[in-house]
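*Asks:* Each protein sequence line maps, in turn, to chains L and D.
Just so we're aligned, residue 1261 is where the first sequence starts under the numbering used here, counting upward by one.
Just so we're aligned, residue 83 is where the second sequence starts under the numbering used here, counting upward by one.
Treat the hints with care, since some could be wrong.
Simulated restraints on C-beta separations [stated by the list, open to error]:
# : chain 1 : residue 1 : chain 2 : residue 2 : range
1 : D       : 142       : L       : 1312      : 24 to 34 angstroms
2 : L       : 1272      : D       : 110       : 16 to 26 angstroms
3 : D       : 177       : L       : 1320      : 14 to 24 angstroms
List of simulated lysine to aspartate or glutamate pairs, EDC-like, C-alpha gap at most 16 angstroms [to be verified]:
#  : chain 1 : residue 1 : chain 2 : residue 2
4  : L       : 1331      : L       : 1319
5  : D       : 131       : L       : 1332
6  : D       : 143       : D       : 90
7  : D       : 181       : L       : 1363
8  : L       : 1343      : L       : 1284
9  : D       : 131       : D       : 146
10 : L       : 1330      : L       : 1319
11 : L       : 1343      : L       : 1314
12 : D       : 181       : L       : 1319
13 : D       : 143       : D       : 170
14 : L       : 1330      : L       : 1284
15 : D       : 181       : L       : 1284
Just so you know, the hints here were simulated from the structure itself, not pulled from any lab data.
The structure displayed is predicted, hence computed values, not measured ones.
For each residue, glycine too, the CB sits at the ideal point set by N, CA and C.
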Amino acid sequence: DGGITQSPKYLFRKEGQNVTLSCEQNLNHDAMYWYRQDPGQGLRLIYYSQIVNDFQKGDIAEGYSVSREKKESFPLTVTSAQKNPTAFYLCASSIGIGLSYNEQFFGPGTRLTVL
Amino acid sequence: AQSVTQPDIHITVSEGASLELRCNYSYGATPYLFWYVQSPGQGLQLLLKYFSGDTLVQGIKGFEAEFKRSQSSFNLRKPSVHWSDAAEYFCAVGWGAQKLVFGQGTRLTINP
């Protein structure tokens, strides 16, 4: 079945540690996205990538980093510089950003808790 | 900047009653419009989308939405809700080559 997988589902981190969230898609989509979701704030875009080896900052990129070495994979690193990293993180993909059919498909999410 | 507003943070309806969730967006070029649903602790699932043509669109799970250009709105409706419809609903809007903008979400509670 085609889709997006995120791992792990739950992640605990100590303050001062970096942590990497995994996102893989087998939909052959060019574009991939990372969102952060906090209660009552909807989805906020962290980073997005339209093509391999290229990515752009979203609205709240500070304290996060990404890479896009393969079309299928778009890992997100939450660094120690992120002041309030406890949140639900969603990965998504779409055929492309600038195309009409930019419907986004979402993974199941990773809940990150900083202890 | 373009914006999307879902005026209702939380709505409670009785099972079997009709439902309307509101979505308004800031004025711009013809938008691409989406409604997503999210169950607790899960990702988002697409309910329906509008790109062009008939302004009344049908989606999955018995939902429909109507695009009203004059009101910059794309409200989601369902004639009779089921307990399984309890979830959070997000409206999202795209303009041309720009990124999708999501509303803040409406949490739906169903009374038995």
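*Asks:* Take the hints in turn and mark each one as holding or not.
*Replies:* Okay, the hints, checked on the actual structure:
no.	hint	verdict
1	D/142 <-> L/1312: 24 to 34 angstroms	holds, 32 angstroms
2	L/1272 <-> D/110: 16 to 26 angstroms	violated, 42 angstroms
3	D/177 <-> L/1320: 14 to 24 angstroms	holds, 20 angstroms
4	L/1331 <-> L/1319	violated, 23 angstroms
5	D/131 <-> L/1332	violated, 25 angstroms
6	D/143 <-> D/90	violated, 21 angstroms
7	D/181 <-> L/1363	holds, 11 angstroms
8	L/1343 <-> L/1284	violated, 26 angstroms
9	D/131 <-> D/146	holds, 10 angstroms
10	L/1330 <-> L/1319	violated, 24 angstroms
11	L/1343 <-> L/1314	violated, 26 angstroms
12	D/181 <-> L/1319	holds, 11 angstroms
13	D/143 <-> D/170	holds, 14 angstroms
14	L/1330 <-> L/1284	holds, 10 angstroms
15	D/181 <-> L/1284	violated, 21 angstroms
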